[in-house]
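Each chain, letter by letter, is given below.
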Amino acid sequence: MEEKYIALNQLPTGAFGRVRQLAAKDSTRRRMLDLGLICDTVVEALRQSPSGDPTAYQIRGAVIALRSEEASQILVEMVESA
Amino acid sequence: MGLTQQSTGLGVLKDSLPSEAKSAGDLIIALAGNPNTGKSTVFNSLTGLNQHTGNWPGKTVTNARGKYSHQGKDFTLVDLPGTYSLFANSAEEEIARDFICFGQPHATVVVTDATCLERNLNLVLQVMEITDKVVVCVNLADEAKRKNLNINFALLSEALGVPVVETSARDGTGLTELKDAVYRVATGQARTKPLRITYDSDVEQAVGSVLPLVEQTVAGKINPRWAALRLIDNDASLLNALNRFVGIDIKASPNLNAKLVLVQEELRAANIRPDEIRDRIVSRLVKRAEAIAGKTVFVGNKHYNNFDRKLDNIVTSRHWGIPIMLGLLGLVFWITIKGANFPSEVIANGLFRLEEHLTALFQAYHWPDWLHGILVLGMYRTLAWVISVMLPPMAIFFPLFTLLEDLGYLPRVAFNLDNFFKKACAHGKQALTMCMGFGCNAAGIIACRIIDSPRERLIAMLTNNFVPCNGRFPTLIALASIFIAAAAGPFRSAAAALTILGVIVLGVLITLAISSLLSRTVLKGLPSSFTLELPPYRKPQLGRIIVRSILDRTLFVLGRAITVAAPAGLIVWLMDNVTSGSTSLLGHCAAFLHPFASWLGLDGYILTAFILGFPANEIVLPILIMSYLSTGSMLELDSLTALRELLVANGWTWLTAVCTMLFSLNHFPCGTTILTIHKETRSAKWTLLSFLVPTIVGVLLCFIVAQSARLLGLA
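Chains A and B are the protein sequences, given in the same order. With the numbering used here as the guide, the letters of the first sequence map in order to residues 1 to 82. With the numbering used here as the guide, the letters of the second sequence map in order to residues 1001 to 1715.
Extracted from the complex, chain A is given alone in its bound form (with noise of 0.2 angstroms):
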């Protein structure tokens, strides 16, 4: 069965995903690990800013707002539920 991975900030509100892979790089991708999101986290999106960005996600009990430029290097595969 063939998993599609989709960018972060695709992910529709309510939905959760299972990060994949990180695109980011150097101090990007630092910052995100240290957030929580390794291989295998689980994210919830919460909602969107009322101008459309950023959007609020869940990640390992804390709540996190990211720029799509971020979330959209973040790739996840879509999951039932955490």
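Hints may be right or wrong, so weigh each one.
Some chain B residues close to chain A (C-beta under 10 angstroms, calculated; not the full set) [said to hold, decoys possible]:
| # | residue |
| --- | --- |
| 1 | Ser-1085 |
| 2 | Asn-1089 |
| 3 | Arg-1119 |
| 4 | Ile-1281 |
| 5 | Ala-1293 |
| 6 | Asn-1305 |
| 7 | His-1319 |
| 8 | Leu-1417 |
| 9 | Asn-1419 |
| 10 | Pro-1527 |
| 11 | Ser-1529 |
| 12 | Phe-1530 |
In silico lysine to aspartate or glutamate, EDC-like type, Cα no more than 20 angstroms apart, as pairs [unchecked claim]:
| # | chain 1 | residue 1 | chain 2 | residue 2 |
| --- | --- | --- | --- | --- |
| 13 | B | Lys-1302 | A | Glu-80 |
| 14 | B | Lys-1422 | A | Glu-69 |
| 15 | B | Lys-1287 | A | Asp-40 |
| 16 | B | Lys-1259 | B | Asp-1202 |
| 17 | A | Lys-25 | B | Asp-1233 |
| 18 | B | Lys-1310 | A | Glu-44 |
| 19 | B | Lys-1539 | B | Asp-1308 |
| 20 | B | Lys-1287 | A | Glu-44 |
Covered stretches of chain A (chain B as the covering partner; in silico rule of three or more C-beta atoms under 8 angstroms from a C-beta of chain B) [as the list claims (entries may be wrong)]:
| # | region |
| --- | --- |
| 21 | 16 to 29 |
| 22 | 36 to 48 |
| 23 | 63 to 74 |
For the record, the hints were derived by calculation from the structure and aren't laboratory data. C-beta atoms are modelled at their ideal positions from N, C-alpha and C, and glycine is treated no differently.
We have chain A; now place chain B onto it with these hints.
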């Protein structure tokens, strides 16, 4: 930092990075932790230093030290910047890491958030890799209880191998136990056995092959295993730090260097790229943290986050998010204006009655007129005015603002406004520094430290002044009340609040516009990355906040009035009464500035008042009033109606009021702010620019508005 007596006004200039004063015999304790864990509250509670705490990440951005004594020993507590990790991604993380590693504290306390333990354990594990002498403080126990989260502390302590203390620093519980644990660890009475994290075989093999040489090179100065891991990970900042703090130059040891190169090649041969090593290390730590949290934290209610979610869904919603924001801001202003009216009047009456007594005293003793002039008419009057006009609004606004801060609302503001800042090529956290600027622009400048990128930090600093600080509110409120709200009759307070809100919104729009301009001209560049944590809402401690903030503000205003307003009043009186020819110095000055001022819809006295008001914005209006009074128009000033008459008698129209308000919003920062900017940027160029940018904007805006109004025949 927050808006406290120490962090606003001249307080910001006190060097917050203290000197190396280590009293012999003092035990040094480092205080580390994620942002927003109540670390500052723990710090305050232990040391008694009055540092304000708010509820958004990145608040504590400098080291601070405090002392306490326990069981006969003296402790120096060093409050490190809040960081998510010690991998030195940013200056703050570097500071924290350097202190824990090279500052040789006798113990390190890691403050964690009981409601978010898993994420916090990441830092705990990292600290434990550097040093054995660790005490874990699980704070916000009251919040965890409220959310039905139970932690098995005995099991946690066993799993980590270090003492774990449960605290609720806000309530003061658990602090004695914390001091006990710190005492035992720092004095060596308790031997800790911190958990050793082992990584996957490739990493461990690499560590194993460099370890002997590393041990030799560091010679016991730092933990060799930790150093080996960082060297394999290519951590350049650690190499620098090693050189700087303990004089170990890795590059100068050829054997070690060669070994490192060899190890890197071996890893590459095993298909492991250099950046992958970091991935593996962090993943292992995160997974370990997950496992430990899974064993020790019991979630009583799976939906403990629901309230926060629901509230956020409303407060940052598409349709209601921004209106709610504006509404809250308007409400805060309305409460400030309405609430300040009565106290202002009472204080003014009291102080001016006192003035009459003082004058009678002078007359009774036949003291010279000029002395009466200097002391009573100059210094005392200005002082009285500033206190009666400034104190009530500040004593209301600051607690309200602090309430919002403690609640955790401010990051939501940044969340709502980030997109606008991104479009201006600025950083979303600028919304937060802007909010701080409402209280005090100097504090807002310091707050800019939460922005990592130097370019975006400069933009935030240069535009901070477009948000009116508390010193300018009374001027804006008075003018709005007199000229604009007068027509609104019974809805005066509401109309005044709305006008102020409008002025603020204008200030925000100008901030965005100028930020955009700056990022396309002198501060060119692309937006940096942006991650913002939205911490859980916390129940603010109403009573404590209100009492402490009011006391704090009262002291601040009184202090400022004495140190700034009174001398300024003296100078103005002198300028007013020292004549050269047939006019006073003040008159000369006003006459000189008048032509230019009238282009801007102002007059010479107004411009002079702004210039003389450079030390502190709150003295602008008193200076202006004094100048007008001396022109013989009125003898007494005891109400807004009287003020209105005074202004109108001196040629004021609605246009003058509007232009004065515009100029108040857009003019050079006050003296303290300029000094702060210079201290933060260490550059004369940017300080000068911070002076010029708002002034030029103000001049242009006033010019356009004044001339257009006149051309259109409106004034």
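Each hint, compared with the structure:
1. Ser-1085: holds (4 angstroms)
2. Asn-1089: Interface hint status for B/Asn-1089: holds (5 angstroms vs cutoff 10 angstroms).
3. Arg-1119: Where the cut-off is 10 angstroms and the nearest Cβ of chain A is about 5 angstroms from B/Arg-1119, the hint holds.
4. Ile-1281: holds (9 angstroms)
5. Ala-1293: holds (8 angstroms)
6. Asn-1305: Result: holds, 8 angstroms to nearest chain A Cβ.
7. His-1319: holds (8 angstroms)
8. Leu-1417: At 8 angstroms from the nearest chain A Cβ, B/Leu-1417 passes the 10 angstroms test, so the hint holds.
9. Asn-1419: Hint on B/Asn-1419: holds, closest Cβ of chain A at ~4 angstroms, below 10 angstroms.
10. Pro-1527: OK, holds: B/Pro-1527 within 10 angstroms of chain A, min 8 angstroms.
11. Ser-1529: holds (5 angstroms)
12. Phe-1530: holds (5 angstroms)
13. B/Lys-1302 - A/Glu-80: holds (17 angstroms)
14. B/Lys-1422 - A/Glu-69: Answer holds: B/Lys-1422 to A/Glu-69 is near 11 angstroms, not above 20 angstroms.
15. B/Lys-1287 - A/Asp-40: holds (10 angstroms)
16. B/Lys-1259 - B/Asp-1202: holds (16 angstroms)
17. A/Lys-25 - B/Asp-1233: holds (14 angstroms)
18. B/Lys-1310 - A/Glu-44: holds (15 angstroms)
19. B/Lys-1539 - B/Asp-1308: Answer holds: B/Lys-1539 to B/Asp-1308 is near 11 angstroms, not above 20 angstroms.
20. B/Lys-1287 - A/Glu-44: OK: B/Lys-1287 and A/Glu-44 at ~18 angstroms, within 20 angstroms.
21. 16 to 29: holds (count 6)
22. 36 to 48: holds (count 7)
23. 63 to 74: Held - the region 63 to 74 of chain A has 7 residues with a Cβ nearer than 8 angstroms to chain B, which meets the minimum of three.
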